[in-house]
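Each protein sequence line maps, in turn, to chains G and L.
Mind the numbering: the first sequence is residues 1 to 126 in this note's numbering, read in order.
Mind the numbering: the second sequence is residues 1001 to 1126 in this note's numbering, read in order.
Heads up, simulated EDC-like pairs for lysine to aspartate or glutamate below, C-alpha to C-alpha not over 20 Å straight-line:
#1 L/Lys1042 - G/Glu55
#2 G/Lys51 - L/Asp1078
#3 L/Lys1051 - G/Asp78
#4 G/Lys13 - G/Asp33
#5 G/Lys36 - G/Asp63
#6 G/Lys42 - L/Glu1055
#7 L/Lys1021 - L/Asp1059
#8 L/Lys1036 - L/Asp1063
In short, the hints are calculated from the structure, not lab data.
Owing to the predicted nature of the structure, the values given are computational and were not obtained by experimental measurement.
Protein chains: 2
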Amino acid sequence: MGGNTNSPCASCKLLRRRCTKDCIFAPYFPSHDPHKFAIVHKVFGASNVSKMLQELPCDQREDAVSSLVYEAHARMRDPVYGCVGAISYLQNQVSELQMQLAVAQAEMLCIQMEHEYDSLSRETIF
Amino acid sequence: MGGNTNSPCASCKLLRRRCTKDCIFAPYFPSHDPHKFAIVHKVFGASNVSKMLQELPCDQREDAVSSLVYEAHARMRDPVYGCVGAISYLQNQVSELQMQLAVAQAEMLCIQMEHEYDSLSRETIF
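Same shape as in the complex, but just chain G (with noise of 0.2 Å):
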């Protein structure tokens, strides 16, 4: 049984197969949390997660599952662009700041520039 405990995991209960003790998704999808598994199948299909998973060292599964979760969940909540729709916010508000980021610095650039033309004209008078 998958996860060292009496119950299969979620994915062989889902998909209503036997938990063998080399079960690959058992580490990830333990049997109390059946949704995690669901959507990940939902959205990508067991025996795709199954090959994506196998195509991995054993080290870098876990985080693997975590974005496959995160993607999953992210086209449930929106279908038409799922993670694509985050990317594409995350890049217009990198463009708007670094366009703030350049604003704020020519004007501090023009303020330094006030302050070094009042300095020098200060000197001339004295």
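Assemble chain L onto chain G, guided by the hints.
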């Protein structure tokens, strides 16, 4: 035949099935670009993509396909983090820019205060 051509669409060709005139894939996966469907099929599975498209109104399907292709490419490039790697990178970039902007605004305030202090000092001298 999908897309009103004489050849089946890229999806039906890969899945070795008959491409009917109401094929859900045909408008978005033309026969001349087999890679576009292959990558989406590899990551999401044809059946899931078909279901996702069926659940959307026709005018949103093209955008959905584009975002699925983008996500699939990201997952092929980075099998551990996929699109989530890009989101994480952009979130860090936003935080970094927000910090730089706050610093620039604080510096600008200091320069302005210094400037005003100098002006006041001058007024006192004259």
